[in-house]
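Colleague: Okay, so the sequence shown: first residue is 1 according to full-length UniProt numbering, each after it adds one.
There may be inaccurate statements among the hints.
Using 20 angstroms as the maximum straight-line C-alpha spacing, the simulated PhoX-like pairs for lysine-lysine come out as follows [said to hold, decoys possible]: (1) LYS162 <-> LYS129; (2) LYS296 <-> LYS306; (3) LYS379 <-> LYS343; (4) LYS343 <-> LYS360; (5) LYS277 <-> LYS306; (6) LYS360 <-> LYS258; (7) LYS52 <-> LYS4; (8) LYS162 <-> LYS360; (9) LYS277 <-> LYS361; (10) LYS297 <-> LYS322; (11) LYS361 <-> LYS417; (12) LYS296 <-> LYS258; (13) LYS445 <-> LYS360; (14) LYS278 <-> LYS209; (15) LYS445 <-> LYS361; (16) LYS343 <-> LYS258; (17) LYS361 <-> LYS343; (18) LYS306 <-> LYS330; (19) LYS77 <-> LYS21; (20) LYS162 <-> LYS258; (21) LYS445 <-> LYS162; (22) LYS162 <-> LYS363; (23) LYS361 <-> LYS278; (24) LYS343 <-> LYS310; (25) LYS360 <-> LYS277.
Simulated DEER-style distance windows between Cβ atoms [stated by the list, open to error]: (26) PRO414 <-> ASN305: 50 to 60 angstroms; (27) ASN377 <-> ASP222: 54 to 64 angstroms; (28) ASN323 <-> PRO414: 34 to 44 angstroms; (29) LYS378 <-> ARG57: 29 to 39 angstroms.
Just so you know, the hints here were simulated from the structure itself, not pulled from any lab data.
If you're wondering where the values come from, they're calculated on a predicted model, not measured in any experiment.
Cβ atoms here follow ideal geometry from the backbone N, Cα and C, with glycine treated the same way.
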Amino acid sequence: MFAKAFRVKSNTAIKGSDRRKLRADVAAAFPTLGTDQVSELVPGKEELNIVKLYAHRGDAVTVYASGGNPILFELEKNLYPTVYTLWSYPDLLPTFTTWPLVLEKLVGGADLMLPGLVVPPAGLPQVQKGDLCAIALVGNRAPVAIGVAAMSTAEMLTSGLKGRGFSVLHTYQDHLCPEGRQLDIKKSSYRKLSKFLQQMQQEQIIQVKELSKGVESIVAVDWKHPRITSFVMPEPSPTSQTIQEGSREQPYHPPDIKSLYCVPASMTLLFQESGHKKGSVLEGGEVRTVVISYAKKNDLVDADNKNLVKLDPILCDCLLEKNEQHTVTKLPWDSLLTRCLEKLQPAYQVTFPGQEPIVKKGKICPIDITLAQRASNKKVTVVRNLETYGLDPCSVAAILQQRCQASTTITPAPGAKDSLQVQIQGNQVHHLSWLLLEEYQIPRKYIQGLEKAPKPGKKK
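Take the sequences, apply the hints, and build the full model.
Modeller: Structure (structure tokens):
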């Protein structure tokens, strides 16, 4: 909504009666906020302005700004918090997580698509269609966007996490959101900017120089200074903190992955007698049951040799190639079942502990380990598709950096939308093998590239 510049109609200080009404509206819209928190969000005496504006699409929006920062906005009589407010109250809304690369698209006006969601070990928050939600990034619990759920959590899982998940209304770094929280020096103990800068320089937090006559500039910042590194986000409420810490400390368990088969249009006649239609998803055992039931029900088992099945027109059309139509009249059971499985479309089901199964069409992509040459003929190890198995590339990179004592970088995976790849200096396939097979317990069949580990006695 605020991806492009808007037009301000008016900006006025709020009246006492409107301030009280806003407080009541906030309490009604966000019942989880206590009385003290509502009074803190909508202060009684501090500066509070009502900004009426028109978004680039013509929507009339009312923004409430405190101390120059937008804290709330109202659209069609619905009240929404800004990301500034969510930083102070990060548990105000159910929060969904996405990858850092997605933020740029959200700021540009895109909605959040379900393939971009990161499913945590504790599962997705339970929401209904139309619920207001917060969106955060992997590795940072501070929300960066707010949006409206386009479907319920149950529908998200049923869809296989495909389609539009959230209609995004507002993001960090959009035109509603200044790049940083404003500091009103006059309301601080320093009173003047020059005194503030002088004090920060004395504490060796910053360096200030007069680069041009009469203009002082900050030329360096010590980001490792204790005054900066000690700054933390407000802690969540005890209840939500227990849930979040519990989910974060929960050990990783690999998902249960099951191969499935999807009925294409060319096979519907064979499966419709068993109540299945185009797009139905079945397990291998169910396919076998359907085929056996069809053969027996239609009296197709050869009377002279029970190991053979006579092919009726439907089986011929479904299973035989064109050049076989007039030459093959019978098939052994194993050949019949094998051909049937080959004609079906592949699918798979992924189930993470404590979550509803997610069904997707196609073959599951294995974790892919490759070796590549970089500048100065240096060898690097690249690993992709970690997200499919519920692994956070940032966390994996941090572990590998420590275990391998080598530099790691995270970059967008080429040709894969909203996916990241981890790059580690040197041939680190041995370390990856141990991490994925032993610690994460991912089955070997879902990892490709393990054979690229350096051979004993050879230089890595």
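Colleague: Are the Cα atoms of LYS343 and LYS258 separated by 20 angstroms or less?
Modeller: holds, 18 angstroms
Colleague: Holds or violated: LYS445 and LYS361, Cα atoms, limit 20 angstroms.
Modeller: holds, 19 angstroms
Colleague: For the pair supplied as a hint, LYS297 and LYS322, confirm whether the alpha-carbon distance does not exceed 20 angstroms.
Modeller: violated, 26 angstroms
Colleague: Take the C-beta atom of PRO414 and the C-beta atom of ASN305, compute their distance, and say whether it sits inside 50 to 60 angstroms.
Modeller: 54 angstroms Cβ-Cβ, so the 50 to 60 angstroms window holds.
Colleague: Does LYS361 pair with LYS343 here, judged by a C-alpha cut-off of 20 angstroms?
Modeller: holds, 14 angstroms
Colleague: Are LYS278 and LYS209 close enough, with their CA atoms no more than 20 angstroms apart?
Modeller: Violated. LYS278 to LYS209 sits at ~72 angstroms, over the 20 angstroms cutoff.
Colleague: If you draw a straight line from the CA of LYS162 to the CA of LYS363, is it 20 angstroms or shorter?
Modeller: The hint holds at about 16 angstroms.
Colleague: Against the range 34 to 44 angstroms, how does the distance between the Cβ atoms of ASN323 and PRO414 compare: consistent or not?
Modeller: The hinted range 34 to 44 angstroms holds for ASN323 and PRO414, with Cβ atoms some 41 angstroms apart.
Colleague: LYS52 and LYS4: Cα distance at most 20 angstroms?
Modeller: The hint holds at about 16 angstroms.
Colleague: Measure nothing beyond the straight line between the CA atoms of LYS360 and LYS277; if it is 20 angstroms or shorter, mark the hint as holding.
Modeller: It holds: about 17 angstroms lies between the C-alpha atoms, which stays within 20 angstroms.
Colleague: Run the distance test for LYS343 versus LYS360: straight-line Cα separation, threshold 20 angstroms.
Modeller: holds, 18 angstroms
Colleague: Taking only the CA atoms, is the gap from LYS306 to LYS330 under or equal to 20 angstroms?
Modeller: Roughly 11 angstroms between the alpha carbons, so the hint for LYS306 and LYS330 holds.
In this structure, the hints that do not hold are numbers 3, 5, 10, 12, 14, 21, 27 and 29, in rising order.
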